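Undergrad: What follows is the residue order along each chain.
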Amino acid sequence: MSSAMPLPRWVDVALLPVLNVTLAFLIGGVVVMIVGENPIEAVRIMLYGAFGYGYGFGFTLYYTTNFIFAGLAVAVAYHGGLFNIGGEGQAYVGGLGAILVALAVGGLHWAFALPLIMISAALFAGVWAFIPGYLQAKRGSHVVITTIMMNFIATSMMSYIISRILKPANVNSDESARIDPLTRVPFLSEWVPLLKNTPVNISFFIALLALVGVYWLIWHTKFGYALRTMGHNGTAAHYAGMSNARLIMITMAISGALAGMVAINDTAGAHGRLLLGYVAGTGFVGIAVAFMGKAHPIGVGLSALLFGVLYQGGQELAFTMPAITREMIVTIQALVILFTGAMSNMLRRPVELAFMAAQSGAERSGSPAEEKRA
Amino acid sequence: MEDLISILVTTIRVSTPLILACLAGLYSERAGIVDIGLEGKLLGSAFGAAVVAAVTGNVWLGLLAGIGVSLVFSGIHGLASINFRGNQIISGVALNFLASGLTVFLGAAWFGRGGNTPPLSGGARFYAIQLPFARELAGVPVIGPIYSGLISGHTILTYIAFLAVPLTAFVLWRTRFGLRLRAVGENPKALDTAGMSVSWLRYKALAITAVLVGMGGAYLSTAQAASFSREMSSGRGYIALAALIFAKWKPYPALGACLLFGFLEALQYRLQGVSLPVIGPVPTQAMQALPYVLTILLLAGFVGRAIAPKASGQPYVKER
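Protein chains in written order, with the working numbering: chain E, 1 to 374; chain F, 375 to 694.
Just so you know, the hints here were simulated from the structure itself, not pulled from any lab data. Nothing here was measured: the structure is a model prediction, and the numbers come from that model. The beta carbon of each residue, even a glycine, is placed where N, CA and C say it ideally should be. Treat the hints with care, as some may be off.
Facing chain F, from chain E, some residues (calculated, C-beta under 8 Å) [unchecked claim]:
#1 Gly140
#2 Thr146
#3 Met346
The shape of chain F in the complex, shown without the other chains:
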């Protein structure tokens, strides 16, 4: 039981940035903008958050800076893919390289720690929050470990990530904005005909994307770790993208996919060096590759079918 709880706690911890990045991708892809650049935004905002938190000693300013960085990235992506009708994938790839180059370059020049930022402490970090009655309930069997051990004791960003899921579902299926968002990803012309601005809607979606993924990045450097280290997003943006495809661009399945991939990561830490019966020592590499293998199998239609929003990846050309 204790083992299980500890694996699940790790699952939640490592899933948080995935959930934020995955939901972020959901907004932009639903609006018809493919976002390969999630990885770069995650990395860039982790850097921005760590730098500002280190300099000001205030983690909230750090969070704002992280979101600021991803807003700038989203802006460039929007400019390239909405205004200049460029290739969205190329733009995303460029942004990923931009983040991986600039973060280390600027970090090394500013702090001289080989691209890492100084360690954060005190008010410059997010800390675990004890939910009400967590201490009192800790002794109660079953409920105790689950409530006090598993649910309580995470940072505010984790709770935001989990709350963002129902919120996204609500926005997507129950609001006017959500309807338009889905429409602009499926059939932008219909919206245009109804007198709405396709560009403006897509920019709004990209802004929401930036806010969410910015929180994910800030989580990496100011909550999960206590500083920025080079390449610290280490493919999480791509995993989030994989989760999004896995979830067929729907919020609750996205949560499920992120938790699944997070669970695989947690298991991988746990099984390091452990020898299983029959299989022998578990190759951690196999666990690392599993999310990607699963996504490929899914995309190939061997496990269900993933169909992207119809207009995704296509620039919209307004008729004159």
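One chain only, chain E, in its complex shape:
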């Protein structure tokens, strides 16, 4: 905000994020070289696995759907200056909401069932996120720590519920009963044969709608304005008559509800039942997606797609290059969070200097300390 000379907007919005992500990928490439594989070849295989044929492409879209929801969950909270690390647990609990309704209305046509499933998943996940929100707003405990703890509590609680309560007697693995095929969210491959039998389903379009919805919520509503004000400066929001406590609680609930939408893609769609530990890191990928996308829906959509490509392409890679396992993706995810989230100032300074040098018509002296950026 108060750099010696503010950077042009496109640098802030596009150039720096791209540079940071490139850096993350370069280091990822070095790691690939350490295990003796060719990173360029790896990228080629990944792109082929993600886009090269219908089956792969379907999976890419399926992963992207999950990451859009998880990324939006983190992004919404982030606009209010809240860091929701609990998407993982919220999505898990959302799965409970989804399965309870999906089983209860079993046999109902999906077009009628889906809204009910969505509401229930959003409600369950929203409540799971509301608790940390309430605790921060009213009791002063930090949302980061509480959401981490809530993730673990969700794991234990859901493991108990799935293995002891939801599991039918005639099933061996820890999972719930199956959702009626008529009620289950239908796969897009029903209409698009190209997608083969991939799990990408109607939820993909709901995810795209969610992107638009969040954009509208953050930039075109009174609530969004208040939220961003609080994110920039809580004291200012307070003096402007906004209730920070209320904002925090509502924001966390919305954030959780978005994370809970992962359940309509997975539980009610791709899996057709509630699986033990079904979230499998999706909630955490959301953190990387949100940072990389600068918490803007367009950015979130693009980075969700990138991670979808990484996940699906990574599967392909694991087949063709046995030395490279799925965990390479977690590593890239970590590097993306590190460079776009924690070390975003590292490249900012050199870029600022470069721009100053480029426009050194007017002489300036000293470089005032940068203010903490929101």
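With chain E fixed as given, assemble chain F onto it according to the hints.
TA: Then chain F, alone, in the frame of chain E:
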């Protein structure tokens, strides 16, 4: 009595990495650097220790490697949160993912065991140490089981962990470094004004953190278990963080909190499949969740109040 001793022995065994990680977190958080990355450091150093111990056959080199890994992690964390004034929580989260990705990725590529390292034996592991007179005293009632059964017979890292507690208390409250450490976490400007380098102090704290948590990680893979297995830290870094909050950032209460959480874990192994009167079979999941529930209740101020060092989480910007 025997039952109790065996639960307590397990308690000590599972508490050791918690104590080391918790004290590690204490140094960095006291210096004003929030360390969510304890989990990743624990995992990374467990991996480093197991790999080097497996390759060289020397557990001490393994320990050094474990500490080395966490030093690198601390270095990155320091760079992000001290030099680039980034968000410390984000940096910690990134490091956790980095550890969980890199350990399995490199492990699978190097050893081809699905991310696990080869089993360690001989000089590549830490073994239990019999304290002097343990054998002679074993027959004595009361003292025997407690001394020979409970206190004796742990690895060197366990003894280091328990000794690190009074040592940390001494450093924190009785030395000049400790005073500065506490000050830099509460009011870095005061130190800056007195002509000391806030950055340098914070880096020193992070280095101590790395050494302690590195030992904790090495303990997991070379003492408690005999190889590295994927995700073997399994949330212990977060439990240690919870214990630290529970202990209100003080060394002796930290020991207490870690032993309490360790006891819950030991009890959970013990009560597996056991049916209690009234309650019926104990859901192990409830025991697993208990430390986290307790921490949330504490943080919410329902059980006491936990107040973090004032400047924690905030990058220090020196005025020019």
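Undergrad: Against this structure, judge whether each hint is valid.
TA: Verification of the hints:
no., hint, verdict
1, Gly140, "holds (7 Å)"
2, Thr146, "holds (6 Å)"
3, Met346, "holds (5 Å)"
When the structure is compared with the earlier hints, no violation turns up for any of them.
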